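Novice: My request is simple: use the sequences and hints to build the entire structure.
Those protein sequences? They're chains A and B, same order as listed. Counting from 1, one number per residue, gives the positions in the first sequence under the numbering used here. Counting from 1001, one number per residue, gives the positions in the second sequence under the numbering used here.
For the record, the hints were derived by calculation from the structure and aren't laboratory data. Everything numeric in this text was worked out from a predicted model, so none of it was measured. Heads up, the beta-carbon is just placed ideally off N, CA and C, and yes, glycines get one too. Any given hint might turn out to be false.
Said to hold, decoys possible - Every beta carbon over 10 angstroms from chain A, so not counted as near; a handful from chain B, in silico:
no., residue
1, 1016
2, 1022
3, 1030
4, 1091
5, 1173
6, 1176
7, 1383
8, 1392
9, 1404
10, 1411
Unchecked claim - SDA-like mimics (lysine to any residue), calculated; alpha carbons at most 20 angstroms apart, straight line:
no., chain 1, residue 1, chain 2, residue 2
11, A, 165, A, 27
12, A, 25, A, 191
13, B, 1095, B, 1433
14, B, 1355, A, 89
15, A, 65, A, 144
16, B, 1355, A, 92
17, A, 194, A, 23
18, B, 1355, A, 91
19, B, 1347, B, 1315
20, B, 1355, A, 1
21, A, 25, A, 215
Chain residues, written in single-letter form:
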Amino acid sequence: MLEVKDLQAAVAKKPILKGLSLSVKAGEVHAIMGPNGSGKSTLAQVLAGHPSYEVTGGTVTYEGKDLLAMSPEDRAKDGIFLAFQYPVEIPGVSNSYFLRAGYNEIRRHRGEPEVDVMDFNKLLKEKSKVLHIDESLLNRPVNEGFSGGEKKRNEIFQLAVLEPKLAILDETDSGLDIDALRAVSDGVNRLRSKDRAFIVVTHYQRLLNYIVPDFVHVLSAGRIVKSGGKELALELEKRGYDWVKAPEAAEAR
Amino acid sequence: MTTATAGTVATGGCWPAHLEAFEKSAAFRRVPWALDLRKTGLASFRESGFPTPSDEEWLYTSVEPITSNAFRQSLAPNVDGLVANHAARFTFGLKGGPRLVLVDGFFSRELSSFEGLPEGVIAGSLAEAMESHSDLVEPRLGRLARPGSTSFVSLNTALFQDGAFLYVPPGRVVDAPILVLHLSHASYVASHPRHLFVLGEGAQASVVEAWASPSCDLYFTNAVTEADVARGAALRSARIEAESGNAFQIASTQVRVAEGGFYQSDVAVTGAEFFRHDLGVRLEGERAEARLFGLSVASGRQHVDHHTVIDHSKPNCPSREYYKAILTGRSRVVFNGKVFVRQDAQKTDAKQTNKNLLLSEDARVDTKPQLEIFADDVKCTHGATVGQLDEDMVYYCRTRGLSPEVARGILTYAFARDALQHFAIPAVREHIDQSLYQRLLDAGRFA
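Specialist: The following block contains the structure:
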């Protein structure tokens, strides 16, 4: 599904990703772990198409297409979804309106008819029940005045409605208490399927107790320095990141 | 460019002739009690002339288009089939209900409707009311918008021929919003409509002042509205500027609110090439309240200038002011909001906010919020912002499948709605909401 080869990217001319390679197949859950500043969020944003991240080398192929040549909205319409670490507040635009606009763009792209307000609200209600989302959130402006937990839950709710093929979760666990973490993970687990892949970016192993990955990759200084199964996460939890760090990251200390 | 040098005043090409001709006409002296008022207007204007660019209140707005074009004085309304047709079509979301229609500065009885007005309410022509209800008109006309206060009020006082008059007796509540629709339909005509709204003690009414034109004529409207809100009365007003792209309008709205009274003004500007609005509200009794909202959507070469004054002279009065503008093309918007808190006005609670969204590099905003406080126990805040759309928001929308154009449309619409949601008259609010939605989203790119 996704083939990342020797990816290099910079933010404001500063190189962050320095030759990252990763292969993700449908149905798989990949965890990307690593210390602060290793490039985890950069990877997530580059895959989603953030205009401030400059790709300086390498290739990303998504379902046979050159992902890097696609606009963020075309990536979304083709099934890529990024759950933000810091979801953006949009005052004055209700959650339900916002989601319907995106949902219908995606349907149009697939050649399916648009869904009207009534049918869409029915769909939202169903999804909100399954994910235990408070219905009142639907009519509130997107993320405005939401608590940290509500924002993250809202991201997962959007994921559930938009039904992407590849979902990227950027530090979805940060700032969540244990109940919110459980609720968010629960939502993600319900959405796991053989057709859908996940890239779960996280600093802590904690999240991976709930969302159990098929693969764990350790990112250091913009490169994947170690890959393994879910037991690698536990080892990182015990031993920290120092033993796997790239030599240049260690020198920088 | 009209310039004034010491000892001379700029009164502009066509204007001295208008004044002279009208001064000699029967209309000028028709109502004996108003003659002195008119003469004062005439003398004041002859003395002051038009404002010049060095005038503090006109720093960002040049009246050159008004002084340089050769306008004709409107002597009779141009009521033809087109106007009649449009008078019925311009409803601004109001279904049925009372409507006072004016054409080129004159009240038109045949285009108006008085349905739904409770007994005792007087609604119609100001010119008629000056004769038939001088007891209501004389003590107020020219007392709120005083000749000599500005050049244009002076000019209007000298030259006005008609306008809308509304009187709601004490305790009466008019449920249906009253539409006061002014249509301009004559090329190169200058009209000076003058409205007077009087609410007795405890009376309530909603008035929608709408300005439109059925064709693309170039014309000038110099409008004055006076509103007198008595003790415990409530006036909810909306002003909709939806004139043709060739229209020039200068308007002054002057309001007095007595003890415990309530006044709300919602101003929506989407039309006219040139629009200047002076809005003054005097809170003259304790616990009088004013709420002023504004939303301007300017494109092309539109020029929109809001000058507002809220004058707190008594204790315990709250006022809220929230003006927003969206600019694209080479448009220009001016906001100058003054809040005075006089020495006696303790426990004043005043909040003023002006926010502007610039969607093009060639558009320009000049904003100047001003607080002048002479009392010591008050709560007053003010603030102004000028900004562009938040690119993080645009990106977030894009990651959910929306094109940048749609994302910007949604975000711009949301910016507008934030002001619009405060508008007091539901039908008007929904009407503007829908037309904005269409303009910003259905029509694709907002240009």
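Novice: For each hint, tell me whether it holds in the structure or not.
Specialist: Outcome of the hint check:
1. 1016: It holds; residue 1016(B) is separated from chain A by about 50 angstroms at its closest Cβ, greater than 10 angstroms.
2. 1022: 49 angstroms, holds
3. 1030: Non-interface label stands for residue 1030(B): nearest chain A Cβ at 51 angstroms, farther than 10 angstroms.
4. 1091: 25 angstroms, holds
5. 1173: Since the minimum Cβ distance to chain A is about 32 angstroms, residue 1173(B) lies beyond 10 angstroms and the statement holds.
6. 1176: 30 angstroms, holds
7. 1383: 16 angstroms, holds
8. 1392: Non-interface label fails for residue 1392(B): nearest chain A Cβ at 5 angstroms, not farther than 10 angstroms.
9. 1404: Nearest chain A Cβ is 8 angstroms from residue 1404(B), so the label is violated.
10. 1411: Label violated. Min Cβ-Cβ 7 angstroms, cutoff 10 angstroms.
11. 165(A) x 27(A): 9 angstroms, holds
12. 25(A) x 191(A): 16 angstroms, holds
13. 1095(B) x 1433(B): 16 angstroms, holds
14. 1355(B) x 89(A): 18 angstroms, holds
15. 65(A) x 144(A): Not OK: residue 65(A) and residue 144(A) at ~36 angstroms, beyond 20 angstroms, violated.
16. 1355(B) x 92(A): 15 angstroms, holds
17. 194(A) x 23(A): OK: residue 194(A) and residue 23(A) at ~16 angstroms, within 20 angstroms.
18. 1355(B) x 91(A): Holds, at about 14 angstroms.
19. 1347(B) x 1315(B): Distance ~6 angstroms between residue 1347(B) and residue 1315(B) Cα, so the pair holds.
20. 1355(B) x 1(A): 46 angstroms, violated
21. 25(A) x 215(A): Measuring from Cα to Cα gives roughly 11 angstroms; hence the hint holds.
Against the hints set out earlier in the document, violations occur for numbers 8, 9, 10, 15 and 20.
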